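S.K.: Construct all of the structure, not just a fragment, from the sequences and the given hints.
From first to last, the protein sequence lines are chains Z and A. The first sequence begins at 1 in the working numbering and counts up one residue at a time. The second sequence begins at 1 in the working numbering and counts up one residue at a time.
Rather than coming from a laboratory, the hints here were simulated on the basis of the structure. Given the structure is predicted, the values throughout are model-derived calculations rather than measurements. Where a beta carbon is used, it is the ideal one built from N, C-alpha and C, also for glycine. Don't take each hint at face value.
Just the calculated beta-carbon pair ranges, DEER-fashion [said to hold, decoys possible]:
(1) A/N117 / Z/V20: 16 to 24 angstroms
(2) A/D205 / Z/W64: 49 to 57 angstroms
(3) A/R119 / Z/I252: 19 to 27 angstroms
(4) Z/I252 / A/N201: 34 to 42 angstroms
(5) A/L78 / Z/V47: 49 to 57 angstroms
(6) Z/I252 / A/V95: 31 to 39 angstroms
(7) Z/W181 / A/E23: 21 to 29 angstroms
(8) A/S203 / Z/L187: 27 to 35 angstroms
Here are some chain Z residues the structure puts well away from chain A; computed CB gaps all over 12 angstroms [as the list claims (entries may be wrong)]:
(9) V47
(10) S91
(11) D172
(12) I266
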Amino acid sequence: MKRHARSDLMLNIALIILSVFTLLPLLMMFNISFKSMGQFYFNPLGVTAPFHWDNYVKAASVLWRPIISTAYVAALSIAGTLLIASLAAYSFARFRFPGSNLLFYLVIALLMIPGILLLVPRYVITAKLGLTQSFWGLIVPYIAGGSIFNTFVLKTFFASIPQDLLDAARMDGANELRIFWSIVLQLSKPILGTLSILQLLGVWNDFIWPFVVISDPTKRTLTVQLRFLQGLFGSEWGQIMAGYAVGSLPLILVFALFTRPFIEGITSGAIKA
Amino acid sequence: MGVATIAKPKTTLRERFSLFRQEIWRMRTAYLFLLPMFILLATFQYWPFILAIARSFYIWDGHALSKFIWFDNYVDILSDPIFWKSMRVVAISTVFNLTLPLAGPIISAELLFNLHNQRARYFWRVVMIIPSVVPGMVGTLLWGYIYNPQNGFLNLMLKSVGMQPQTWLADPKLALPSLLFVGFPWVGGTWMLVYLAGLLNISRDIVDASVVDGCSVWRRIWSIDLPLLLGQIKLSVILTCMGTLQGFVGTLVLTGGGPFYATIVPGIYLYNQAFGRSRLGYASAVGVIMSILILGLTIINNRYVKSSVEYDA
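M.R.: Next comes the structure, spelled out in structure tokens:
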């Protein structure tokens, strides 16, 4: 036991050192976010009193709209992706029909296409459809992109639902849509939760697509607005850092509320991305 | 054999076709369920894919200007020194990302795995996840502040110990090393969770047996843990290669590819051609070249993964 205590002590010391470096940018962010301009230039590294909560008010005033926009885009993308992908996955998992294998491989093959190849032509198509400068120009391509991996995952999951259960419902006179909605989707809530988080992270963190599709400053998403924060606040580093903190808050909140699906989401994200 | 063939009722092509049509009609619900997704995929996946390849042979501005020029775009790209500069930068970045940034999460996962105190393990796990909860853009911008020449963290530190401040991302010599250093010490985040889960999957018996046999921790890590994590490590190698080859957002935000192309990567080269100069055909050709490279690398990686031994425990 004593040996365990000693080895644990060494490990904890190593972890403390590593975590200080890992968290340093964040600690710096919070520390500076409370500084007035004077406090920052006088003592940028140390903790200074009094705290300037004003910075947060200022930051929130330019970030609330992008946060709501991004949440709106994310919510519709998630709902759309889950609906469309689970319909498709149900079809692939539960029906044998001419061409089912071919069509499934056609979907899976898309996972192999690098995103960088599609950026330019996808932008041209989005522009031709008149979707630039509109949130739909984000939502619809996000649904298309997300549905590939979601279909792949959900197909495997739906295939594991016992056939007897579905047959029983069919016997009781439920139609396919009813079975899909009331049985299959109800049984899949945990995996749908994980996939939602994954999609949320993808949409929330995406920068390049909203950056090229929407140039209207009033319709900026969060990442794009964060990128322009330094231009808005100049050298008011306290306000800029408060802005970064405010921008981080929504995801931290989701993490706190849904820790388990969140962790499953990010790990499956690593395996996917 | 011959008898069976005769006994089987012969169907004409017409009958077979009509049966096929009946089958399709009978399964119409299945097709209906697939329809919404395939409409979207056709518009935003298949069509862009075809367009990217087709338009790489054109001078194209996305609107009226469109002229077929065979392989001229490809010839121009491959004879552009800036493109080769971007390939050099991306090669250096890939090699670097396969070293410490790849090993970091394995190291932290091992540290957590070897903790005997379960509550400490849980605590550190949460601490190490925090970086992946913060939006990537915030992380990138915070590193931008660290490197800020006037009031950045790094220069403040250097000044406080009486050393000469640097211009980091604006210095052609320092820009690329500074960019590669972003994310130091690379121990937190998602991959640590993946490796930790892998380690926790190793049967307790094997670990205990190694202790009974007098095997040191280092020996166990080398001979048991790492071979059992091989699958995850190989996946990380593949994804690191693919991610670094096409990734450019962090670089775009921090340096824009400069100064003097010191940090340009193919993604930024493509982006500038497309959105800066409206050379969409040219940019598509860059995309095709990168895709071939990524695909080739994936195939090589996959072959390597299949041919080597996979352990299970």
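S.K.: Each hint: holds or not?
M.R.: To see whether the hints hold, each was checked on the structure:
no., hint, in the structure
1, A/N117 / Z/V20: 16 to 24 angstroms, "holds, 20 angstroms"
2, A/D205 / Z/W64: 49 to 57 angstroms, "holds, 55 angstroms"
3, A/R119 / Z/I252: 19 to 27 angstroms, "holds, 22 angstroms"
4, Z/I252 / A/N201: 34 to 42 angstroms, "violated, 29 angstroms"
5, A/L78 / Z/V47: 49 to 57 angstroms, "holds, 55 angstroms"
6, Z/I252 / A/V95: 31 to 39 angstroms, "holds, 34 angstroms"
7, Z/W181 / A/E23: 21 to 29 angstroms, "holds, 26 angstroms"
8, A/S203 / Z/L187: 27 to 35 angstroms, "holds, 31 angstroms"
9, V47, "holds, 15 angstroms"
10, S91, "violated, 4 angstroms"
11, D172, "holds, 18 angstroms"
12, I266, "violated, 5 angstroms"
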